[in-house]
Amino acid sequence: MRTRKLALIPPLVLLAAGCGPAASGGSGSGGAVEIVVPYAAGGGTDQTARQLATAAEKTCGFNTVVSNKEGAGGAIGFQAAADADPDGSTLGIVTAEVAMLAHRGVTDVTPDDMDGVLQYNFDPAALTVDAGSDYDSVHDVIEAADRGAGATIGTSGAGSIWEAAAKGLAAEEGVEMTYAPFEGAAPAITAVLGGQVDATTVSGAEVRAQVESGELNSLAVMGEERLSFLPDTPTLREEGIDWISGTWRGVAVPEGTPQETVAELETCFNEAARSEAFTSFMEKGGFGVRYRGAEEFDSFMDAEYEHFGQTMGGAGNE
Amino acid sequence: MNDWLIGLDAVLSVGALSMIALGVAIGLVCGALPGLTATMAVALLLPVTFSLDPLPGMMLLVGVYGGTLYAGSIPAILLRAPGTPSAAATVIDGYPMSRQGKAGQALTVSLVASVVGGLVGTVLLALFAPQLASVALVFGPPEYFMVAVLALAVIASISAGKLSSGLLSGMLGVAIGVVGMDPIEGFPRFTFGTTELTAGIPFIAVLIGLFGISEAFTQIAGTEQGGRAEPPPVGRFTLGPRWLRRLGPATGGSSLMGFFIGLLPGTGGDVASYFAYNETRRWSRRSGFGKGEPSGVAAAESANNASTSGALAPTLVLGIPGDSVTAILIGALTVHGLQPGPQLFEGSPDLIYGTMLGLILTYLAILPLGLLGIRLWPMLKATPTALLWPAVIMVSLVGAFALRLSLVDVGIALAAGALGFALTRGGYPLAPMVIGLILGPMAESNLRLSLIISGGSLDWLARPIPIAILLLIAVAVVATKLATRRAAQRPEPAPVGEER
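Read top to bottom, the protein sequences are chains A and B. Quick note: the first sequence, position 84, residue 84 per full-length UniProt numbering, numbers continuous. Quick note: the second sequence, position 252, residue 252 per full-length UniProt numbering, numbers continuous.
To be clear, the hints were calculated from the coordinates, so they are not data collected in a lab. Accuracy of the hints is not assured; some may be wrong.
[Unchecked claim] Below, computed lysine to any residue pairings styled on SDA-like, alpha-carbon distance capped at 20 Å: (1) A/K284 x B/P47; (2) A/K284 x B/Q339; (3) A/K284 x B/G347.
If we strip away everything but chain A, and leave its shape as in the complex, we get (with noise of 0.2 Å):
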């Protein structure tokens, strides 16, 4: 009797294994390479991750398992990435953060403790504002923000990417705006929606079906070309405002990696990347490609490090 009892046991252990995260590995074989995600399972950095690792499997003949290691704004997955062996078992998925992290005092991983392998995405800020609201382009949000009539502008959370595309923004008109961190894009475009803000800084992609549904109007995007789904909407650039911000995602190692082993990883990535299964799910995800190989990605980083270190200006020191 007692031992019928105990043969629940295992079973139920063995479902447990099967909807955890040992579930989105592979064969576990031994020889699968890690990819490290920063953030949560189920988010766009992951979805994208998830899709790359897949198609990299077949690219580069190895297994991957991915392993979401979130928190801290991502710094607890740079951190992780960072650590690992420098021997090509382990990747990680770096995004714009990685550059803005250290600026805050967050962590002590910057671009310099990684190795870029290739950047898979570019997705712009884009100015956002009510389809019923007074303002018609960016200059009037600008002229607002200038009288010091409104101007809040909604965030996807306190040093986001998405709040330093405003800020540099109103840098750049020499203006000063509102800004609300709320805990992600949704809550901000919410509070476009309800009127509670002005204006929202987060990317095209994301104010997509509201804009299309004719509830938002995008203003301006942040990139250097328009977004293929916001035709009507002019760079900032058209407008006179030489600003470009918005997110990218890649693939990078620990530094000190062999050299011969990221032209591998390089190699291959970037033949996952182009691949006909990974671009069709960029595009259909609303998820901007922009390829940049190892070196050209390794010094952008660098690049993106010491531009947020003049914008933020040690914003988290004050």
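Given the coordinates of chain A, work out where chain B should sit on it, guided by the hints.
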């Protein structure tokens, strides 16, 4: 009505129906394991849906979502270890029932209340989604702040009789919630320079330790001292007709409240269940809350399942996720080139109306699967104490590790277990701590956001909803005071769960 027929046609396919059944089955197992939350289960199944058609994919995820939220109550009732944060409020009355040999009834109440809550919520979603979604927009930081304050007031009613212990425990929870990144200024606070703590003390690890592990410690310590080694009997599973009248008002009212809380983006089942539990307790004539009152279990469980449907309203209508799970559901749709929002209603009625019908089928599937399951689960409980509780600790620690594959989280769960053990020994209730931990950060960031947006003034307190909630809090405080004074002799006939 035509759209409903299109939806029905889409749902009544082998693919969609089998995905609902599979989703519910996976959800029931994941929900019952501490550490595996609805968010995690849905996120991990997301890539699977990429290769399915949109509707079967949604059915799988919706099935998991509903199944997980229900199943979290099973270990909450049997082992005092809530399987998901949403089931934390279920512990308050569910575990005492289990200790009194009424585990069977508690499990049945939780199952029926979950199904009723889910169905009521889905019907509300189906009938009023477009109108209700705009409610979410009226709620800005001031309104969220007041909701958090109202829900924090639950600490007072839970701690009736020993208010200072309850408040202390609540403050401890708020204090734990303060660790990590400052939500407004974005700098690390109380982290002692460590990167691990910058992420904050992970709420789920604390929950796992505070309830499951600390209870295991208590039980093992009890056995060591020659206490009762035999577990209490499970009791009957059946509920008579009398129960309908007893639990009906609490279940109905809490379903409405849960749905409403779910509507608000950023609030989910955990806030919903505490909120509904508190209001049910406040307006109920019964006095056994906290000591094994079935209405308490019914309130918490119907609310957290109803919040699922509530969260889907802004998701489907506005394209704004109502909670972390619905954010993933949006991802499941966009990957098929579908953008949730008004256009989806016109462009893909099969998907929208199919999803709502699928939710109804999900809850209809949970009922028989749950009835089958609740007779199996207590067998686990019949395991000898010497084996059961160490196994609970093991599963809890595995769950804590699974969160982020981090040993730090395991350490935190163990520390929370020790803290919970010590507090229980000292006579401090644990529920207020969890409430403080959930609602403290929500109150803090929304208060500060309100002040930023208003430029530092308190004008926002005079907006209609904050004023109404403020009055509600005042009424509640006075009512509680009066009720306490009159004690049990002349209980007031107050309406049950009628508000909102």
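Problem - Broken hints, by number - result: When the structure is compared with the hints, none of them turns out to be violated.
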